[in-house]
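The hints should help you fit chain Y onto chain S, whose structure is shown.
Note that the protein sequences, when read in sequence, are chains S and Y.
Its first residue numbered 1, the first sequence is counted upward by one per residue in the working numbering.
Its first residue numbered 1001, the second sequence is counted upward by one per residue in the working numbering.
Take the hints with a grain of salt, since some may be wrong.
Covered, in the sense of this in silico footprint (three residues per stretch, anywhere, with C-beta under 8 Å from a C-beta of chain S), are these stretches of chain Y [what the hints assert, rightly or not]: (1) 1032-1042; (2) 1059-1065.
On the chain Y side, residues computed to face chain S include the following (Cβ under 7 Å) [unchecked claim]: (3) Gln1051; (4) Gly1052; (5) Tyr1055; (6) Glu1070; (7) Lys1081; (8) Ala1104.
Think of the hints as simulated: they come from the structure by calculation, not from any bench.
Beta carbons: idealized from backbone N, C-alpha and C, even for Gly.
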Amino acid sequence: MKRRKRMLEDLDQDMRDHIERETQDNLERGMSPEEARLAALRKFGNVTRLKEETREVWTLVWLEQLLQDARLGLRRLRKSPGFTVIAILTLALGIGASTSIFSVVNAVLLAHLPYRDPGRLAMIWGTNTGNGMESTPVSPGDYFEWKQKNTVFQDIAASRDDQVTLTGSGNPQLLVGYDFSANYFSILGVSPALGRTFSAEEDRPGGPKVAVLSDKLWRGTFLADPGILGKAITLDGEPYRVIGVMPRSFDYPPGEELWMPIALPDSAASDYQHHYVRVMGRLKPGVSVERAQTQMTALALQIDGEHPATDAGNGVNVTPLRRQLVGDIQTPLIVLLGAVGFVLLIACANVASLLLARATTRHKEIAACAALGASRGRLLRQFLTESLMLSLAGGALGIALALWCTSFLVSIFPNDIANLSIPRIAQIPLNMPVLFFALAATVLTGVLFGVAPAMQSARANAADVLKESGRGATSGSRSARLRGALVVGEIALSLVLLAGAGLLIESFERVAHGSLGFQPDHVLGVEVFLATNHYPESQPDKQRAFVRDVLQRMRTLPGVQSAGAVSTLPLTGFWGETDFLVEGRPLPKPGETPTADNRFVTPGYFSTMRVPLLGGRDFTDADRDDGRRVAIVDETLARRFFGGRSVGKRLNLGTPEKPEWWEVVGEAANVKAFGLERPDLPTLYRPYEQRPLVLVAFTLRTAGDPAALLKSAQQAVWDVDPDQPIFKALPMSILAAQSIALRRVSTLLLAGFATLALLLAAIGIYGVMAYAVARRTHEIGTRMALGAQPNDVLRLVLGQGARLTIFGVVIGVVAAQALTRFMTSILFGVSASDPLTFAGVAILLTVIALAACYIPARRAMRIDPMVALRYE
Amino acid sequence: MSTKEQRERIELLQGTLDLLILRTLMPGPAHGHAIARAIEINSEDVLQVEQGSLYPALHRLIKRGWISVEEGTSENNRRAKFYRLTAKGRKQLALETSKWDKLAGAIARILRPAEQESES
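One chain only, chain S, in its complex shape (with noise of 0.2 Å):
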């Protein structure tokens, strides 16, 4: 270092000898002194340049340039503190935005799945065309035969829904667990963290009963007893020995808490009838889904003709385990992803069109720095590490920004959901990935805002620049354009956004305003699954008693107004499903007969929950069941069944050979059990006390808050049977809202986006257009002494800022027409290229721009030609 001091320090003197003596000879050769030196200093080249280049000999120059651009860069920002606060604030907006956006797609999109190989893990559901149900459970015949017949899979396992009672731990508990086949655990790829996973021998027919136990279940009900192995737990009456633990990350599926062998009975390969049956496959390596779904097709083609009466039109759809877990959110998710990255754009955007109008105004400091011997090189450095100073900053102050977004995100998700088909959102980390992410996009916006007024700037030709006259007139033309072009992307950008938020905003009216059938709120429900040991099927009196003992006692709760019982509540996600035959009509081709929603229900559940009746009568406590059988249907079966007119038909609920009549007594209102966006299913009401069912939900109208009766209704249950858990008890609205609640935040997050960029570009065409009125002041002031009025001013200001603004329009208008097809899923009653829309966001983006060009036109139109002429 002292070496390299001294040797530079007289290095001046050096040079300054050397070109004296260079002189020196020069005069000898008989030039004038004024020739003599200015050959010699011709000859010895840029003095400042190989200064620098010798010093290059000594130091790491990067690293001292570097700093040196850093402190120069740092100067210039504090110097115009201003456009630095504006250029940080936007550039945080964006990177914050992205940042958050990308930390929730992190968390549920990109999410590690705890099992080995997880991309060969598929869901293989059963599809049918008849009824035009997607994914829904099979039978155990055709499970039996994909095991044998496919070759696509590497073994396929089966599972299905459990929901046991535990008792004899504490309070009486309804665990929701599952039953799986022996494999099932290694298809997954999963050991568990205590113990073992069921055998072969365990899982069939009369097998020992074994239990696998959750982590949460394992801590929380079992206090994480360490000797819990080979313990006997009681399910539903049963004595069980819990044979494993599984490790807490083990959460398959979704929030269940045990695990016992499905045990399928020999007799089950031949039940092509019942479908129960959850299947899970791994596929063969190699073997890509798009294959696996054609062999499996064609697979169930060929059973749908062996076995015509009850496989008929029914298919196969073989989802990819992520997509299966991720769900309805997927969609949602990348367009709100996309939406964010156009903010970022947008802020991009707008501070390298700030950045351009001051590379103007410094041309000739810049040209100075290259005649001074700055290389090209060397000055685009200067500038790049001036953006990355201010991408930086605006990165830093992002990511503090994600940070307070993310607990915001947290708490608007959905969560601890019934009937979505979302994953839970309980946290999203800020972690690695998303670190990473967020350093990218400041680098990378660092760059991209940074590199055209650097080129800009860089090109700049010294002489040129410094013989242009300071008023610049022609100077920054080609700037000038670029920041034009800046603007009509901007303009362009925000139009799609604005479109984009526009359909979902109209979707969720239409959503929102659409009615559910019934009236939800001041409904508590109550959720009950009759413990099997305590009411078995072949004792229905027992179930029928228990819910006219609670409902009575229900009924009696001061603040109840009504209660009744249905046996699955609509929007919980629960349902059932019977085939049913109409009187009088020809017997339906195989694979075309008709199902319908199917409930079971007490007299009081219409009226409590305020579902209209359209015809005929309520169910009353004369139907019971030695009376007539009686059923309610909707309006949509009878609409495509009766022709409108369905009180006195009969519906056979059996077989043709063996009929079981049933006889509609009347007919409800239209209820949207699945949602407000799913289409109506054709529904069918029977009485409970005809047909019992260890599912009851009990629904209580109550005259102030029903969260209020939460205890009374709990307690009125247990006064009937104390060791009969409630799975779940809430209000209706509480569902009503869940339903809507995805898209209630996509919706509400893409309009906050789009208001962003709005307001970005709002910012930014206002920029430009106060920019060029200044630069323009002298001309302005011209025209105004040569007689233009100043209405001829506004237009000449306020047509350039139309200018720009149409032609961003027009062509955000083509981009978010290619662009809004991807949001057909998302979208409800409302076509992508919805015109009304379209025009709706262009008029209100035309407007605010224009109004953006108007304050700085009326600051042209005030212009005083005596002052502007004498302005330099």
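Just chain Y, lined up with the frame of chain S:
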């Protein structure tokens, strides 16, 4: 500036300047301007160095330890920096010279194979 003049002079190859400086310092120490002049004169003005570029090259050689620098007085009694070849520099010069000869010979053989044969 005429193009003719430019054509008569040859741009120095990268790194050649270092070799020329070392060679120029062989007989004894010299100051910067003298080195530049010597290169020009010895090459009969064919090699015209941008004189300033001498300085980065000199510093590069000092850093590598091939030459050393000392204060002294020039012919007309002025203080100046004199550059002197070090032992390491001498070795380097020998190495570089033989390398250069090989290279020049090889290139010459490629460019004029017939003449080379007839001459040798």
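A quick look at each hint next to the structure:
Residues of the region 1032-1042 of chain Y lying with their CB closer than 8 Å to a CB of chain S number 4, which satisfies the three-residue condition for coverage. With 4 residues carrying a beta carbon less than 8 Å from a beta carbon of chain S, the region 1059-1065 of chain Y meets the three-residue requirement, and the given coverage holds. Nearest Cβ of chain S to the Cβ of glutamine 1051/Y: about 5 Å, under the 7 Å cut. The hint holds. With a least beta-carbon distance of about 4 Å to chain S, the hint placing glycine 1052/Y at the interface is held under the 7 Å criterion.
Hint on tyrosine 1055/Y holds. Least Cβ distance to chain S is approximately 5 Å, under the 7 Å limit. Given the 7 Å rule on beta carbons, the hint for glutamate 1070/Y is violated: about 12 Å separates it from the nearest Cβ of chain S. For the restraint placing lysine 1081/Y at the interface with chain S, the shortest Cβ-Cβ distance is roughly 6 Å, inside the 7 Å limit, so the hint holds. Residue-level restraint check for alanine 1104/Y is violated (minimum Cβ-Cβ distance to chain S is 27 Å; threshold 7 Å).
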